[in-house]
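Chains as they are written, first to last, in this note's numbering: chain A, 1451 to 1711; chain B, 2 to 177.
Where hints are given, some of them may not hold.
Claimed, not checked - In the DSS-like style, the derived pairs of lysine-lysine whose C-alpha atoms are separated by at most 30 Å in a straight line are:
no., chain 1, residue 1, chain 2, residue 2
1, B, Lys7, A, Lys1601
2, A, Lys1601, A, Lys1646
3, B, Lys49, B, Lys141
4, B, Lys7, A, Lys1646
Since the hints were derived computationally from the structure, they do not count as laboratory data.
Okay, here's what each chain looks like letter by letter:
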Amino acid sequence: MNCQDTRMLLDGYVDGEVDLVRSLEIERHLQSCAVCAQRYANYQTLRNAIRASDLYVPAPPSLHKRIHAAVLQTSKPETKPRGLPQWSPGRWLASAATAAAVVLLVWGTARGWSLPSADDRLTQDVTADHVRSLMATHLADVASSDQHTVKPWFDGKLDFSPPVEDLAQEGYPLIGGRLDYLANHPVAALVYQRRKHVINLFIWPSTDSERAMSTVTRQGYYVVHWIRAGMTYWAVSDLSVAELEMFSHLIQQRAAPTSAP
Amino acid sequence: MQERMKQAQFEEAVVPHLDAAYNLARWLLRNDQDAEDIVQEAAMRALKSFGGFRGSDGRAWFLAIVRNTCYTRLQHDRAHEVATTSFDDDLYSPDCAAANPETLLLQSADTQLLRQAVEALPVMFREVVVLRELEGLSYKDIAAIAGIPLGTVMSRLARARQRLMEQLSPPINKEC
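Input sequences plus hints: build the corresponding full structure.
Quick look at the structure:
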């Protein structure tokens, strides 16, 4: 590697964006070339100065309040959002979405999708948790398709041992596990995949009586819930309802085959 | 109920990134009040399109909206700034590669100098510096946010850092 190549790649090198082979070549060049080494030292000086400075300007607390208020404002369609032009296609879409939601709700009710209202809050939490797991790029604390790796990983982290099943054969491979917190409990979150869709299966102990599977929908996600053999299960995904219910059936069969109804 | 759920999910996706959003807007617009207005406007735009968001990275998604909202404002208010700083990235080549770099002497006490140097950068350089050095984002994220190829991220960073170092070096014996 010569000076010109090094010069061209120095930014990538400083930023850790150069592959290992080139990195090593650059390193070697820097050891033998005083000019490039000086340039590299300057890069580091600049970076350290920026990092040590107070150039980062965090959002003022008033902005959080403003945005929260503005978001709330959007739920009142009769009041115009302040400072924003009225956007009629958006309004039309919003009405269409509301109509669609009503249709879905009626259809869902007809299909017998209902949970006791006490579970509404939990359904919401479970869905929010699912969404958060997808957004934070923090899907799994232990990434493994091996149930014998995932299950022991929970030992010592939870005061119960969640059933961990691999359903790769059936087309729902296990991709990992995560520790989560729901309903004032640390809970096990098992992560499965179906094509590009992620399924979060939340499990924790329950003293409630057994409950058959029930399905609800929340904001485009399906949530399947059941209680069996002293464990409560919540499966959440954007999969089709048929596939998520199939998944839940398979888990039920595998996880507690001997439990009496 | 659905609406409230959407709002809750939206706030969960966006609120953790308000600092990043404000910092970016503040540096692009160089004005506190404008930055607040723009972040709020961007949040409203983001809320409208939130239903279509299925990505895994709320930060890059929201920052891209903030960035575009800032550019719309800049083009509207100060058309000259964006226009006069455009150049062909591909034509850029380090023109003083042969010159010996001077030792950069920069103390942390020089924050004021540093701030002025960053503020003096053309907006497209400022944006990569802020996203890389202050936000610590990868080239891939920066490319997605700014809507430019990976190679352009690197060449803009190179150009931006070169300018900063020139600004911050003592004004003696400048050959290039």
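So, going through the hints one by one against the coordinates:
1. B/Lys7 <-> A/Lys1601: Measuring from Cα to Cα gives roughly 34 Å; hence the hint is violated.
2. A/Lys1601 <-> A/Lys1646: Judged against 30 Å, a Cα distance of about 24 Å means the pair holds.
3. B/Lys49 <-> B/Lys141: Holds, at about 25 Å.
4. B/Lys7 <-> A/Lys1646: holds, 23 Å
Violated hint: 1 only; the structure is consistent with all others.
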